[in-house]
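Please arrange chains A and L on chain S, whose structure you already have, making use of the hints.
The primary structure of each chain is shown beneath.
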Amino acid sequence: MFRPKQRLFYLCKMQVTAGQIAELVGGSVAGDPYVKISGPSRIEEGKPGTITFLANPKYKEHIYSTRASVVLVDHGFVADGDINATLIRVENVYAALAVLMARFNIGLSLTQGIASSAIIHQNVQIGDEVSIDDHVIIRSGVVIGDSCRIYGQVFVGDNVKIGAHCTIYPGVKIYHNCVIGDRCVIHANTVIGSDGFGFTPDENGNFVKIPQTGNVVIEDYVEIGSNVVIDRASIGSTLIKKGVKLDNLIQIAHNVTIGENTVIAAQSGVAGSARIGAGCMIGGQVGIVGHIEVADGVMIQAQSGVASSVKTKGAKVYGSPALDYQNYLKSYALFRRLPELAASLSELKSKVDKLLVKT
Amino acid sequence: MFRPKQRLFYLCKMQVTAGQIAELVGGSVAGDPYVKISGPSRIEEGKPGTITFLANPKYKEHIYSTRASVVLVDHGFVADGDINATLIRVENVYAALAVLMARFNIGLSLTQGIASSAIIHQNVQIGDEVSIDDHVIIRSGVVIGDSCRIYGQVFVGDNVKIGAHCTIYPGVKIYHNCVIGDRCVIHANTVIGSDGFGFTPDENGNFVKIPQTGNVVIEDYVEIGSNVVIDRASIGSTLIKKGVKLDNLIQIAHNVTIGENTVIAAQSGVAGSARIGAGCMIGGQVGIVGHIEVADGVMIQAQSGVASSVKTKGAKVYGSPALDYQNYLKSYALFRRLPELAASLSELKSKVDKLLVKT
Amino acid sequence: MFRPKQRLFYLCKMQVTAGQIAELVGGSVAGDPYVKISGPSRIEEGKPGTITFLANPKYKEHIYSTRASVVLVDHGFVADGDINATLIRVENVYAALAVLMARFNIGLSLTQGIASSAIIHQNVQIGDEVSIDDHVIIRSGVVIGDSCRIYGQVFVGDNVKIGAHCTIYPGVKIYHNCVIGDRCVIHANTVIGSDGFGFTPDENGNFVKIPQTGNVVIEDYVEIGSNVVIDRASIGSTLIKKGVKLDNLIQIAHNVTIGENTVIAAQSGVAGSARIGAGCMIGGQVGIVGHIEVADGVMIQAQSGVASSVKTKGAKVYGSPALDYQNYLKSYALFRRLPELAASLSELKSKVDKLLVKT
Chain S
52 MFRPKQRLFY LCKMQVTAGQ IAELVGGSVA GDPYVKISGP SRIEEGKPGT ITFLANPKYK
112 EHIYSTRASV VLVDHGFVAD GDINATLIRV ENVYAALAVL MARFNIGLSL TQGIASSAII
172 HQNVQIGDEV SIDDHVIIRS GVVIGDSCRI YGQVFVGDNV KIGAHCTIYP GVKIYHNCVI
232 GDRCVIHANT VIGSDGFGFT PDENGNFVKI PQTGNVVIED YVEIGSNVVI DRASIGSTLI
292 KKGVKLDNLI QIAHNVTIGE NTVIAAQSGV AGSARIGAGC MIGGQVGIVG HIEVADGVMI
352 QAQSGVASSV KTKGAKVYGS PALDYQNYLK SYALFRRLPE LAASLSELKS KVDKLLVKT
Chain A
52 MFRPKQRLFY LCKMQVTAGQ IAELVGGSVA GDPYVKISGP SRIEEGKPGT ITFLANPKYK
112 EHIYSTRASV VLVDHGFVAD GDINATLIRV ENVYAALAVL MARFNIGLSL TQGIASSAII
172 HQNVQIGDEV SIDDHVIIRS GVVIGDSCRI YGQVFVGDNV KIGAHCTIYP GVKIYHNCVI
232 GDRCVIHANT VIGSDGFGFT PDENGNFVKI PQTGNVVIED YVEIGSNVVI DRASIGSTLI
292 KKGVKLDNLI QIAHNVTIGE NTVIAAQSGV AGSARIGAGC MIGGQVGIVG HIEVADGVMI
352 QAQSGVASSV KTKGAKVYGS PALDYQNYLK SYALFRRLPE LAASLSELKS KVDKLLVKT
Chain L
52 MFRPKQRLFY LCKMQVTAGQ IAELVGGSVA GDPYVKISGP SRIEEGKPGT ITFLANPKYK
112 EHIYSTRASV VLVDHGFVAD GDINATLIRV ENVYAALAVL MARFNIGLSL TQGIASSAII
172 HQNVQIGDEV SIDDHVIIRS GVVIGDSCRI YGQVFVGDNV KIGAHCTIYP GVKIYHNCVI
232 GDRCVIHANT VIGSDGFGFT PDENGNFVKI PQTGNVVIED YVEIGSNVVI DRASIGSTLI
292 KKGVKLDNLI QIAHNVTIGE NTVIAAQSGV AGSARIGAGC MIGGQVGIVG HIEVADGVMI
352 QAQSGVASSV KTKGAKVYGS PALDYQNYLK SYALFRRLPE LAASLSELKS KVDKLLVKT
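Heads up: the sequence lines are chains S, A and L, in that order.
Residue numbering for the first sequence follows the working numbering, beginning at 52 and increasing consecutively.
Residue numbering for the second sequence follows the working numbering, beginning at 52 and increasing consecutively.
Residue numbering for the third sequence follows the working numbering, beginning at 52 and increasing consecutively.
Bound-form chain S, shown alone:
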């Protein structure tokens, strides 16, 4: 039988006051600064003794009914009704939350040092304070920077370089010669550096493989979700620049470049040799065809199909193939009304035909 009480067993046993939290996050208290907090909660199901937050305006209504004892809100927050909770006003709710949560977070544990069941091949350089978990395989020529955490069943191929302070979660597979920068996080079962999809038909119509001799280069501060695939370049490098954040189940094909601080949501795919600019926001399930360029700061709506270069910085696009965002919405609004428009056209036609008979 399923025992719902187990759901919250994992909350750590913190016991702090609203005032102490406000100090921690640099906020100001409105209400009781002595109320005691023992864990976080969601605003719509908050319990006494917990802290929650209001960042997304869609959830504003819940602040009047939440049973949480403390709510983190923006400095600019204006109440439209009575609030029972103590408020902590901060400059940026999410940033404050990040600080706060880091205090409460208990991550996946990992014994320091190298587990006895890990296989470390010859000629490997391992930095200080590195943890390598059970059943990991590190092949020869690998370099691992200081303070890396490599979880169970990870595979690191020949000559891979991993920078300092990286976390590689269980089951990640990194093929030979790939390069990972500092402070990167790669989630479970993601594959880095498998062969790009390149074949050429021979005279009999069978496909001959084009060897994929390049690698994948991931710069500093990149975070990659679970079950992602980033293929190695045919020649040169598939390049994921500094600060990029990739969600789960994403496909990055060979020779792609993703610009700095670009964020891509789950299940999107970027085809071979496409070059995505910096600071782009790409929704889920987007497809981007090969050999095109997307300018900096472009926003691509979920499920769009980008079939040609987007050259305007900061453009917003939508649809498959993708159009200007507003234009797509206008066209789609009329797509919905097509039965009405067709009827109107048909009616007009009979009127004109009658007029033609008369004249």
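Any given hint could be a false lead.
Stated by the list, open to error - Computed cross-link-like contacts, EDC-like style, restricted to lysine to aspartate or glutamate with a CA-CA straight-line distance of at most 16 Å: (1) L:K402 / A:E398; (2) A:K381 / S:E391; (3) A:K405 / S:D404; (4) L:K87 / L:E74; (5) S:K364 / S:E398; (6) A:K400 / S:E398; (7) A:K402 / L:D404; (8) L:K260 / L:D271; (9) A:K109 / L:E344; (10) S:K362 / S:D347; (11) A:K400 / S:D271; (12) A:K111 / A:D83; (13) A:K362 / A:D347; (14) A:K402 / S:D404; (15) S:K364 / S:E311; (16) S:K402 / L:E391; (17) S:K367 / S:E398; (18) L:K362 / L:E391; (19) S:K402 / L:E74; (20) S:K381 / L:E74; (21) A:K367 / A:E344.
Stated by the list, open to error - In silico contact screen, one side only, chain S against chain A (beta carbon under 10 Å); selected entries: (22) G365; (23) A366; (24) S397.
Hints in this document: simulated from the structure, not taken from any laboratory.
Using N, Cα and C, we set each Cβ at its ideal position, and we do this for glycine too.
Just chains A and L now, with coordinates in the frame of chain S:
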């Protein structure tokens, strides 16, 4: 060289009569109850000595030509021609098939007990008759219920609770603090509890991670396919309710709730904090945006993009963004005819222009 | 700190002349046959001492500015300006590249023989010159052909047959009874033979599993990307025919057949019992519904949804649901112009109304 004869080598050596099968599934025989069956087959390629079934009416034509010796059919089945096979009439073909196949099924084997290469950390509670295969890692604080089968190279993070009678296939990774109910099945290389995708920009436009402190809670009787990802909640739980069935390569983002007995086909994705009702049927490659609600019993056509809450129970939707199913089909039928409609509009325009000249 | 110099460290130390390369690939030299080459480069960022190629006409402009010393071009290539590089003219640039790259390629290393941490169950037949890496699990009854390379943390279920000269990359999971032909390549963390998605509702609306008793059969010369899932058949076999190439993150449901030499791009999905013909080209993120047939040589544009059988060989389709490719483009061009067409219709209506008043 590929040897096609190997394809069927795996059929187990059963040898039963149509009459015995009818008894097993509670059906009635029309034809020879003594015909011997040694394995299952597909209706369009059936061989003498095998049993097949007719459930989907699309395959009805094959019943007149199949060489299978026995066909499972519905009580209401009416033949339009001569049938050579013996029929077994049952109330529910699929349910009968399930009973029948369970008899013939030989699953992935697993030695009882704990393999010597498995790594079991301290403070782990393991129930009776549990099998833990080679190269599994079970971290500290884990509780595993009776009769669980945990295949090779699985990783179970700290404090995870797994109910009784669960099957966890090879390579599954379960992060810390997640909770799994009784009689759940999780297929290979699926990831449960990796970090939700939450970042907030700092003053320099770099993204700062919002710690994901929650967990994933999976209730009883849930089955999850291969290479799925279910992210842990930022706060609280991502919740997969009783009886949910998820196909392969699905993305479930942080703080999502999936209602009881909802079924989701492959490669669909549900964005953060969306709440999906009970008994929904969601097709493949569907995208559902974050922070919306989908009512109970809603049917979502494959490849649809659900961009706003669907409040009507049992609604059928289609399109991206999704519309009422019938309305989408009507609009799409006219989308196909747009060249014709545009021509018609253009012709009408010239007629009117001529009329205007005349008057 | 990220050190970009590391990006090219992996290039092997070859040192050959343009003339020697021309001989290797059967091409003719235009320019200096004695120029020395020490590695490959991309045409847009080529460096002296490297060889690059021009195959896609989109990149033609770069041939006039590339700093690479040698460029592989087609026999038919005609220069529109001055070229500094030495050219090697060949019949097929990609085929020549394949030959050339195979010479420079240094793959993922693997110690010959069976690693001591690999678990090999009883009754396993292993051919000559097979390598089985660390933490691999081979269950009983498995047959592995000559010269196979099985990388770390792979799982091979009971009675699986693998032909000769196969490469199975790290973390692949193959369920029991599946059959793989000769010279196949399966990339990291792909799952072969997990259960098809089959459930039938009982009288209470709960879903009962339909046992999936079949297997997956993969013929010779098939290459499969990373994090792909191919489900086993409910009865019989899911069949991937000779020479098929599957990109990453693809879903192949139970009982599907994929015809010879068909190529499928990343993140596409094929639903249960669909039969795809030979020589098809299927773009990325395509969805194909169950129980339909797609004829030989059909081309399906990325993100299309194929909802009914495509019976014409060589047909090109696009859209969701998919239409004839040209017709989709015509309709979509008018979809973009819908605001204009609606305005035009509205204007025409007022004109007609005025005419009607007059007459």
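Hint-by-hint comparison with the structure:
1. L:K402 / A:E398: 15 Å, holds
2. A:K381 / S:E391: 10 Å, holds
3. A:K405 / S:D404: 12 Å, holds
4. L:K87 / L:E74: Within the cut-off at roughly 14 Å; holds.
5. S:K364 / S:E398: 45 Å, violated
6. A:K400 / S:E398: Within the cut-off at roughly 14 Å; holds.
7. A:K402 / L:D404: Holds, because 14 Å separates the two Cα atoms, which is no more than 16 Å.
8. L:K260 / L:D271: 32 Å, violated
9. A:K109 / L:E344: Holds, at about 13 Å.
10. S:K362 / S:D347: 9 Å, holds
11. A:K400 / S:D271: Status violated; Cα separation ~61 Å.
12. A:K111 / A:D83: 21 Å, violated
13. A:K362 / A:D347: OK: A:K362 and A:D347 at ~9 Å, within 16 Å.
14. A:K402 / S:D404: 9 Å, holds
15. S:K364 / S:E311: Given that 16 Å is the threshold and the Cα spacing comes to 14 Å, the pair holds.
16. S:K402 / L:E391: Violated, because 22 Å separates the two Cα atoms, which is more than 16 Å.
17. S:K367 / S:E398: 37 Å, violated
18. L:K362 / L:E391: Distance ~36 Å between L:K362 and L:E391 Cα, so the pair is violated.
19. S:K402 / L:E74: Distance of about 77 Å is beyond 16 Å: violated.
20. S:K381 / L:E74: 59 Å, violated
21. A:K367 / A:E344: Judged against 16 Å, a Cα distance of about 14 Å means the pair holds.
22. G365: 13 Å, violated
23. A366: S:A366 check fails; min Cβ-Cβ to chain A is 18 Å, beyond 10 Å.
24. S397: Check passed: Cβ of S:S397 comes within 9 Å of chain A, closer than 10 Å.
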